[in-house]
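Taken in order, these protein sequences are the chains called A, B and C.
Position in the first sequence (from 1) plus 47 gives the number in this note's numbering.
Position in the second sequence (from 1) plus 47 gives the number in this note's numbering.
Position in the third sequence (from 1) plus 47 gives the number in this note's numbering.
Simulated from the structure, these hints should not be mistaken for laboratory data.
Some hints could be false.
Which chain B residues stay away from chain C? Per the calculated CB distances, all over 12 angstroms, these [to be verified]:
no.: 1; residue: Ile55
no.: 2; residue: Ser61
no.: 3; residue: Glu64
no.: 4; residue: Ser73
no.: 5; residue: Arg74
no.: 6; residue: Ala163
no.: 7; residue: Glu229
no.: 8; residue: Gly263
no.: 9; residue: Ser275
no.: 10; residue: Glu287
no.: 11; residue: Asn333
no.: 12; residue: Ala358
A few chain B residues that face chain C, going by a derived Cβ cut-off under 8 angstroms, partial list only [claimed, not checked]:
no.: 13; residue: Leu75
no.: 14; residue: Ser79
no.: 15; residue: Ser106
no.: 16; residue: Arg110
no.: 17; residue: Pro342
no.: 18; residue: Val343
no.: 19; residue: Arg345
no.: 20; residue: Val347
no.: 21; residue: Asp351
no.: 22; residue: Leu369
Small disclaimer: the values here were computed from a predicted structure and weren't measured.
Ideal Cβ positions, reconstructed from N, Cα and C, are used throughout, including at glycine.
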Amino acid sequence: MPSPRHLIRLQDLSDTELEEILDLSSRLDPRSGRPVLSGRSVGMLFFRGSLRTRASLESAVHRLGGHAINLTAMSDFWELEERDGVTMDGRSPEHVRDAAAVLSTYVDALAIRPSAKMQSWDVDRRDERISAWARYATVPVLNMESSLWHPMQALADLLTMRQRLGSLAGQELAITWVHSPEPASAAVVHSLLHAASRFGMRVRIAHPPGFDLDTGVVREAEEVAAASGGGIEFSSSMEEAVRGAGIVYARSWQSLESYGNPTLAASHRSRATDWRITSELLQLGNDVGLMHAMPVRRNVEVTDEVLESDASLLVKQAGNRLPAQMALLMHMLRAH
Amino acid sequence: MPSPRHLIRLQDLSDTELEEILDLSSRLDPRSGRPVLSGRSVGMLFFRGSLRTRASLESAVHRLGGHAINLTAMSDFWELEERDGVTMDGRSPEHVRDAAAVLSTYVDALAIRPSAKMQSWDVDRRDERISAWARYATVPVLNMESSLWHPMQALADLLTMRQRLGSLAGQELAITWVHSPEPASAAVVHSLLHAASRFGMRVRIAHPPGFDLDTGVVREAEEVAAASGGGIEFSSSMEEAVRGAGIVYARSWQSLESYGNPTLAASHRSRATDWRITSELLQLGNDVGLMHAMPVRRNVEVTDEVLESDASLLVKQAGNRLPAQMALLMHMLRAH
Amino acid sequence: MPSPRHLIRLQDLSDTELEEILDLSSRLDPRSGRPVLSGRSVGMLFFRGSLRTRASLESAVHRLGGHAINLTAMSDFWELEERDGVTMDGRSPEHVRDAAAVLSTYVDALAIRPSAKMQSWDVDRRDERISAWARYATVPVLNMESSLWHPMQALADLLTMRQRLGSLAGQELAITWVHSPEPASAAVVHSLLHAASRFGMRVRIAHPPGFDLDTGVVREAEEVAAASGGGIEFSSSMEEAVRGAGIVYARSWQSLESYGNPTLAASHRSRATDWRITSELLQLGNDVGLMHAMPVRRNVEVTDEVLESDASLLVKQAGNRLPAQMALLMHMLRAH
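Using the sequences plus the hints, can you model the full thing?
Below is the structure:
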């Protein structure tokens, strides 16, 4: 059996494939999908909670005539072992290689949202859990957000930016950290940085001290940007990043430097409570559209005023997850 | 975009609409629904547990060819903020206005069972959570039981009473409180009172001290009854209420007077442990059919003898939720 | 209404029916099922967690064009009373007879995985919970593993053994206990023992002291084996059981002798930590295929070496649950 195609990171798609998926996304009418997945099932395994990903992917599968089987770790599932060769006398009753092999016989694709150990970034950045699923599944594995990457979000983000800006090459994208009492993972920003670099965007990233992105991800994105004619700059000022940008992408990501150290992380955040998107800030941009992967804490990350303004692309962006994922499913399952 | 139609309370349907839905309910064969919802999805969001509502609505969606996406707050979801204008630095990471707007892009209707705060009846009676969903969703919102109303149950109740009694005008309905160690909400009785009044039934309500229904609901129902030729009477005696009735509807509802005060509520209940439906009681009626929205505590709320007798309409009534909700979905989603 | 057909144990199927189901299972292509369950729903109620059963049965229903409604006790459900005639003033708000009657009006079959009380084997072996569902449901009830039986697993096991051995009569099957820190129930082995006996296999069962199977199940299987020309032998040595066998079936089952006594059970297990399937052991067999109902604790129950060898039938066996359950559904729901 040939090895199945997986989507763990956007890098798993060639430029041609990525272009095809985006083109298809923009042409699809989600309300009248053809039943190209008729008789096919997609297993969705959540080891962490989800709203948008769960609802939009399940809807995407349904609208294409397929069936989504939802497995929630907390009620249906158990902790899986992912290390090879261990003597399994601990908490995990099952190895991911066995779960992956078996589920592959029941469904046509496996979408996985793994949990992270949250102790060490050096460990979690390896994405060992989603990688183990990909290694042992005999059907395509789709990453529904790992520690390092969130490729489905990036597809919707690319679609949203194209709808707003047209061609992305040379366009200015500001990615800015915002304050939140419960920051999200950096996966969304990592995938966005790669995606924007690949399309030749000029990216400026602003964040307070202690919130550097993953160095491996940044280095790779810089190489991609160099090849595509784009570029990446860092700043410690939201204003500097936003000035002249056509898109501002706000995200509150965890401190990787103080990963696994909640006290230190809270201390980092406490010095940056004013990192918030306001109307004044956005006026520095160039007819700015604001993006945010949601959930968004109103008046903490972004003001109500901005969210209710025409600048906000948030609902359109979240809505784009549906056609983007329909196109992705059609591509990965070769269903046209 | 025109504002979508919602069903928060039965009052949201005109007399003509209500008549159409009931007629359709009684004509439908649930086992052979036409796939009029083909390609359409209904999001079901449960912030509290459910058996009948969850199973019957999901089955209704399926039997019409649509897809139900089930989101359970405990595992898939999180606490949502519903107040406008607040600085969201507390527990809720997302505002209902954003969740409602986004989910509206994935599904064709949203069925919501909100939780209640359970502190103050004055607060919970405002139904702020379901109202917030209705305000911000761009697809129809269907109430799967809020603090104040349970319109889907009322549709099945109307259908059941019609099947038993024929035309409802002038018919005698006894609604009686029954004892339970864990009383349910008053929502079922509120919606029933409105529904019965609207169809001109003569309603008698019996309950022990401390268990008055919501005064606003009663006042509105009295106005409706006055217009329809029906009437509402209160009693402190089950026997008095049941005498001559064609339908007895049993329900153990919470004390609104001692809402949020479990000790006082238990004290109220402890003086009414003999409020139970027995064969002797039902003999006071006029060829009585017994209704109850279930779950029913056997030999506490209703005796086994009654439940196994021909007088019990409980299973038929619960079964009627399926055709009633199929008809409701067809109406609300304009799918015929 | 005639009483519906249930599948609580494999004994509920006649020889002819069992043969038909197995034949259909082996002919079915799970990837291209005909939509014979179109418009029909199967309710799946889990009072305990599940991976393979949940995913394979839901996939089976979908691939036949039907809909599975998943009800998980922990989030959707509550504790049900199954004793008749009690005054329900305790924790259970609903009686299984009412839940079964109502759910029967919404779905076309009910698949149940009951929980057990785990106090006394004499009590749990009666399978009172699944029996109560069968008594009160008006649609077929399918057992998704009770304390005593797991007939769906047995169907997949029979299919797997046939694929490996051809005709089963006279073939040698070794069932051996293996060590695990968290043993499973004996239900899988009970159903397997009945199934193998029915097809005339020569069964040898090995287990350490304290792990006798249910005496009622064994006695009945011995009678079945006597009639079919098969036979059952017991041994306290894995090697003795495996010698000459064509199939070795490994399972870590609970001690029924120390049921409800975790300390005593752990003590029994601690003296049998070397009961593990190794390559050396399997060489005693006759071109052995290894079966195991999973989940399997690697290097505790079975070594990695064996699991990665050609002798391992585990993934094929788990995969067989899909066609076996598709065939079962077609049979029980008379959908061809």
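To see whether the hints hold, each was checked on the structure:
1. Ile55: 23 angstroms, holds
2. Ser61: 29 angstroms, holds
3. Glu64: 25 angstroms, holds
4. Ser73: 15 angstroms, holds
5. Arg74: Per Cβ check, Arg74 (chain B) is outside 12 angstroms of chain C; nearest 17 angstroms; holds.
6. Ala163: Answer for Ala163 (chain B): holds, closest chain C Cβ roughly 18 angstroms.
7. Glu229: 6 angstroms, violated
8. Gly263: Holds, because the least Cβ-Cβ distance between Gly263 (chain B) and chain C comes to about 28 angstroms, which exceeds 12 angstroms.
9. Ser275: 31 angstroms, holds
10. Glu287: Consistent with the label, Glu287 (chain B) stays out of reach of chain C, its closest Cβ about 26 angstroms off (over 12 angstroms).
11. Asn333: 26 angstroms, holds
12. Ala358: 15 angstroms, holds
13. Leu75: 13 angstroms, violated
14. Ser79: 7 angstroms, holds
15. Ser106: At 4 angstroms from the nearest chain C Cβ, Ser106 (chain B) passes the 8 angstroms test, so the hint holds.
16. Arg110: 6 angstroms, holds
17. Pro342: 4 angstroms, holds
18. Val343: 6 angstroms, holds
19. Arg345: Because about 5 angstroms separates Arg345 (chain B) from the closest Cβ in chain C, which is inside the 8 angstroms limit, the hint holds.
20. Val347: Holds, because the Cβ-Cβ distance from Val347 (chain B) to chain C comes to roughly 5 angstroms (cut-off 8 angstroms).
21. Asp351: Holds - the Cβ of Asp351 (chain B) comes within 8 angstroms of chain C, reaching about 6 angstroms at its closest.
22. Leu369: 6 angstroms, holds
In terms of the numbered hints stated before, the structure departs from hints 7 and 13, listed from lowest to highest.
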